[in-house]
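Starting from the structure of chain A, add chain B where the hints point.
Protein chains in written order, with the working numbering: chain A, 3 to 316; chain B, -1 to 441.
Rather than coming from a laboratory, the hints here were simulated on the basis of the structure. All the pointers check out, no bait thrown in.
Heads up, simulated BS3-like pairs for lysine-lysine below, C-alpha to C-alpha not over 25 Å straight-line:
hint, chain 1, residue 1, chain 2, residue 2
1, B, K123, B, K88
2, A, K255, A, K295
3, A, K52, A, K295
4, A, K295, B, K102
5, A, K305, A, K255
6, A, K237, B, K168
7, B, K72, B, K102
8, A, K237, B, K102
9, B, K102, A, K257
10, A, K237, A, K295
11, B, K102, A, K255
12, B, K320, B, K371
13, B, K72, B, K88
14, A, K295, A, K305
15, A, K257, A, K295
16, A, K237, B, K72
17, A, K305, A, K257
18, A, K52, A, K305
Computed footprint of chain A on chain B, listed as stretches where at least three residues anywhere in the stretch have a Cβ under 8 Å from a Cβ of chain A:
hint, region
19, 34 to 40
20, 126 to 136
21, 157 to 171
Quick caveat: nothing in here was measured; it's all calculated off a predicted structure. Cβ coordinates follow ideal geometry from the N, Cα and C atoms, glycine included.
Letter by letter, the chains look like this.
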Amino acid sequence: MKVDKTFAASVALHVLVIGWGLVSFSSKAFVSMPEDSLPVEIISADQLAKVTAGMKSGKKEVKTPLVEKVAEAKPIDDTVGKITEKAPVVTDTTPPPPPPTPVEKPVEKKPDPPKPVAESKPKEEPKPIEKKPDPPKVDPIAEALKKEEPKKPPPKPQAQAAATPPPTPPKPKPERTFDQSKIAALLDKRDPSRNAATGDTLNSNAALGLSKGKAADNSATWGAMFKSQVERCWKKPYGGIEAQMTEAIFSVKLKQDGSLETTPASISNPSTPYFRVYQESALRAIIECQPYKLPAAYFDEWKFFEPVFTERRS
Amino acid sequence: MLFRPSRRQIISGMASTGLLMGTGARTAFGQARVQITEGNVAPLPIAIPNFVAGTASDNEVGVGVAQVITNNLKRSGLFAPIDQAAFIEKVTNIDAPPQFQNWKTINAQALVTGRMTRQGDGRLKAEFRLWDVATGQQLTGQQYFTSPEYWRRIAHIISDQIYERLTGEKGYFDSRVVFVDETGAKERRVKRLALMDQDGANVRYLTRGADLVLTPRFSPSTQEITYMEFGQGDPRVYLFNIETGQREIVGNFPGMSFSPRFSPDGQRVIMSLQQGGNSNLFVMDLRSKSTTRLTDTPAIDTSPSYAPDGSRICFESDRGGKPQIYTMAATGGPAQRISFGDGSYSTPVWSPRGDYIAFTKQGGGQFAIGIMKTDGSGERILTAGYHNEGPTFAPNGRVVMFFRDPGGSGGPSLFTVDISGRNEQRVPTPGFASDPAWSPLLS
Chain A
3 MKVDKTFAAS VALHVLVIGW GLVSFSSKAF VSMPEDSLPV EIISADQLAK VTAGMKSGKK
63 EVKTPLVEKV AEAKPIDDTV GKITEKAPVV TDTTPPPPPP TPVEKPVEKK PDPPKPVAES
123 KPKEEPKPIE KKPDPPKVDP IAEALKKEEP KKPPPKPQAQ AAATPPPTPP KPKPERTFDQ
183 SKIAALLDKR DPSRNAATGD TLNSNAALGL SKGKAADNSA TWGAMFKSQV ERCWKKPYGG
243 IEAQMTEAIF SVKLKQDGSL ETTPASISNP STPYFRVYQE SALRAIIECQ PYKLPAAYFD
303 EWKFFEPVFT ERRS
Chain B
-1 MLFRPSRRQI ISGMASTGLL MGTGARTAFG QARVQITEGN VAPLPIAIPN FVAGTASDNE
59 VGVGVAQVIT NNLKRSGLFA PIDQAAFIEK VTNIDAPPQF QNWKTINAQA LVTGRMTRQG
119 DGRLKAEFRL WDVATGQQLT GQQYFTSPEY WRRIAHIISD QIYERLTGEK GYFDSRVVFV
179 DETGAKERRV KRLALMDQDG ANVRYLTRGA DLVLTPRFSP STQEITYMEF GQGDPRVYLF
239 NIETGQREIV GNFPGMSFSP RFSPDGQRVI MSLQQGGNSN LFVMDLRSKS TTRLTDTPAI
299 DTSPSYAPDG SRICFESDRG GKPQIYTMAA TGGPAQRISF GDGSYSTPVW SPRGDYIAFT
359 KQGGGQFAIG IMKTDGSGER ILTAGYHNEG PTFAPNGRVV MFFRDPGGSG GPSLFTVDIS
419 GRNEQRVPTP GFASDPAWSP LLS
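One chain only, chain A, in its complex shape (with noise of 0.2 Å):
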């Protein structure tokens, strides 16, 4: 029988470089890589929508998904000049600030922040402190210490900043008494601010949805979260240059609940006793740290698996 050299040697590269292959890209596949669970989610169209079909569990009044409901929450608009409005500090050596006014008047005024510039100056003299950063809107404590001692209200701030003679020396102010029924006045009773702009409420109240509803809320892998599970519990022991080679393999069955169904079992054998010690402490992890919270979605793929304990960085 006779062959070609060149063929042989056609033959012989081919079967090299096939088998390459089949070692170098098939041994990988299985071994889920460590990842880190994140809050981050990228969510493609699809995800979405399934996201926003609805859950089995939602409440039936609720006839549709909430999602458009969102689109149209009311703007926030002016967020920093309402967070930096703050009370006058009242205090005994200060003159009471002057009221403002009535609350009727002042919510159409609110959006101008005043001109930081103008205003700084004055600052020494307590009065115009006072007329500077009130916006218009009520404050709570001002409106408390009005009650006490009524006044006019005075006109609108600008006007008064000319008008006003410099502040006199503060005449003593009445005691301080406690009335427990004013309690609620310093209560703040202002909007809150802030909103929510997107995600988290996204689909806070879950209506019934459609009848393809099934998505599982959270897209991270379940190989990641039990990671940071099981984690939290494993202590392990310290075993200094000789540590660096360990590996413990475990086969782990879970119920449907996340716990354990049978003791897991060890498939590495310990050679040494800091192997021993190293895999006792995984297992004892892993008993430990159960029941597992893991996306139902994908209980197929996490009721059998195997977990690898290492300290081989790959």
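For chain B alone, coordinates are given in the frame of chain A:
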């Protein structure tokens, strides 16, 4: 040119191709694997209830043993013994398995139960069991007989058993430390050799303090100590038997002899001999009294220490200008410098585990204790300060003891630190103490 493979060659070639494909494919059909790499290296919570008293009179020793074990494990830094006040279950019978749920509730991962019983012949019987709380398995269990005054020793042995079973490494609690006890005013210090358990208990004085003593070292048999003493003439290396109190001068050399250390088999003592302005390393066989020169340089070679297998030594030499650490074969020959950091290195000592060399490093106005691998890589400073000196390894190589002098009017005291640099602890001594040397395990 034609190449003719036989039929057999073709078949075997095909078969090996198939095999190649097979191995590639086989790994692809496993269960999904999840890699877990980040555990916490945290102390293991362990519950150590008082040992049950076999007879009413054994109550005290039962409490004492549990306390010694608790103290040992706590000081190691690898265990977090749980306060007895938190215990739900009271162990009354160690022959029945405990109610593990009660120990799970207080987060114990391991549980030690034990019993001390005075025997008819006056001896003390000590039994213990170590349980894994999560799996409910007994990890180990032993019983010992001893005379009642050695109950502390039994507690140390049990501590070693627990340590070994839960860390995978040998323990070091059943060991002693010889050190130089210092008393009196700073100018007129009285220095005596003293011996104690590694936890500071059972202090015994070996010398009266008439002469200055330095650098005591244990022999592997733990019955003998070699040290340097300033007597009437030059300082000399002595051999001291702990049991009999006998002492003798090692060799009869013209000049000063110093910094002795035993070989791992205990048959030889390696030391420095002064020769003019220099000093060289010599090794003396204790049986035949024959002396061999190991180095011959116009420099100061000192502080030799054997590797645990006795094949190599490390020592300190200023042949390169500043004191540095060198290693060479135990029979002499060329030496390799292994320390290359800033400052000077001295008092090297080889770990009993063989993996590290501990040293004193001087530089920048500070004395630090550090370790490096035996090839000089991986240098790690464990502690640094005004004055730290004289490292010595625990028998398992996991802990380093050294002495620290804070300066001022005070005096030195002993400390231990883990080779990771964590868990620094002061060792209780009656007075000031320096120059510690850790014994091998007693049993």
